[in-house]
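Novice: This is what each chain is made of:
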Amino acid sequence: MDGSQMLSGHFATGAMPDTIIDIRAIDKSFTVRGRVVPVFAQFSCAITRGSFVSVIGPSGCGKSTLLRLLAGLDRPTAGAILFDGHAIDGPPRGMIAVFQQYAKSIFPWRSVAENVAFGIDPAVKLSTAERRAMVAEHLELVGLTGYADHWPSQISGGMQQRVAIARALIRQPEVLLMDEPFSAVDAMTRALLQDLLLKIWRTRPITILFVTHDVDEAVLLSDRVISLGRAPAGLQEDVAIHLPQPRDQIETRAHRDFIELRQRLFASIFKQEQSK
Amino acid sequence: MKARLPGFLLIAFLLAAWEISSATEFIDPVSLPRVSAILASWWSSITSGAIVGAVLPTLWRILAGFTLATLVGVPVGLLMGTIPFVFRLLEPLTEFIRPIPSAAYIPVAILFLGIGDEMKIFVVFLASLFPILLNSFAGVRGIDPVLIDTAHTFGTSRLATLRQIVLPAALPSILTGMRISVGLCLIVAVVAEMISGNSGIGYFILNNQRIFRVPEMFAGIFTLGLLGYLINLAFLRIEHFLLRWRTTAETI
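Chains as they are written, first to last, in the numbering used here: chain A, 1 to 276; chain B, 1 to 252.
Just so you know, these hints were derived from the structure itself, not from any lab. One thing to keep in mind: the hints can contain errors.
Only part of the chain B face toward chain A is listed, based on derived beta-carbon distances under 8 Å [as the list claims (entries may be wrong)]:
1) LEU147
2) THR153
3) PHE154
4) GLY155
5) PRO168
We put the beta carbon where it would ideally sit given N, CA and C, even for glycine.
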């Protein structure tokens, strides 16, 4: 079989039956000191339900802007983004964003358990015992059993990001949006958090959209990597990652295709950074 | 406690120096009586109930004015921080009123409210309002946008965001404002009591000066020092409890 074909299937941008997010020809520009700076121009992309999609690209290409648009925290200047067929015009139910600055996004005045409990949908009526069980279950999922009564200031950065992940998952979102969530932790902690995320994606019916500047991380985690070009951004690369599942920190990283994909995507971004 | 020993020793030394210079008539002992004489009259004023009788009205005025200021200042400050229109509406007014020393309002307050408790409570309220209001506002302004994004992504309602995120995030700043106000309260209450009326620790001090009972006058001043110290201590305890989540991060 031809290896390159197996590894790089280009996705059509039109809505497919199992499309969960459909970005339709969006424009987005910011006004900086009176000058209009375009970030997206006629950008389209469709995300398949249940996929793990990473978004990479040179710095300032609009990766985080794209995530904020999807999260409903910002509006496109033109065009529309559909979530389950409905245009997003505010933070949609069923989508939760996890931010890079976990230390600022979790509540320092709430204990670990209280932080996680914040994520429980207020529209769902639960007894105290049910809430407690749900929190305990999610603390166990992210490996924080035994830290329920700690203050965030008493735990490490990696653990704080686990709190943020547990708080997002307890809402049981269809889509998890993650903006460089592991960029502020050390390499070992990052590997452990990556494994946690892979486990969550395997065991739950969830679509993950993952913004990262780390090409290796994108290839390791995702089944599709989107590389954005310099602003106004378009799809520079759109690569399906057919590496064997479940992914493994040691084996996947040593896989011949991993190295090839990683090189190709890295070279593509590096060239753009150089040509600035 | 050990760390505070030098400070206490300095106080003891100064009191001893005072005692000696008064006893040897190095300073005029009529204007500055011996510490031992002051302590003796302090004790007799306490046992006679005169001090308690003077302190209670003052405490009541402070408590009432300060509570009112908190009830008004915190919500208005939070609203100024969250709703731009409220900020534009109230900011010029607060900036104009704020720099005027609260004691300057006493004559006006007397015209409108007389010389009773209402006037004193009002002046205490006005003095403590602005530190609380402005620090509540600053607390909201200082909230990290990531926290607000977090509220949005979880679809938290405006009211729930205000109560569950904005208020606790601004609490350290609000408490700073309240602690500044507590100090101002005591000053303004005493000044108001000295200007008019016939009760309170401010009146007690001024009256004893007028009838030339100097040791009693100093006993009143010592009482004020102790009162201020105790109020501040109580406030620090409350603050320490409310911000207990922060103590591990900022070990002193």
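Novice: Now look at each hint and say whether the structure bears it out.
Specialist: Going down the list of hints, with the structure as the test:
Below 8 Å, beta-carbon pairs count as interface contacts, and B/LEU147 has one with chain A at about 6 Å; its hint therefore holds. Nearest Cβ of chain A to the Cβ of B/THR153: about 4 Å, under the 8 Å cut. The hint holds. Checking B/PHE154 against chain A: minimum C-beta separation of about 7 Å stays under 8 Å; hint holds. The criterion of a C-beta within 8 Å of any C-beta in chain A is met by B/GLY155, whose closest approach is roughly 6 Å, and the hint holds.
For B/PRO168, the suggested interface contact is upheld, since its CB lies about 4 Å from the closest CB of chain A, less than 8 Å.
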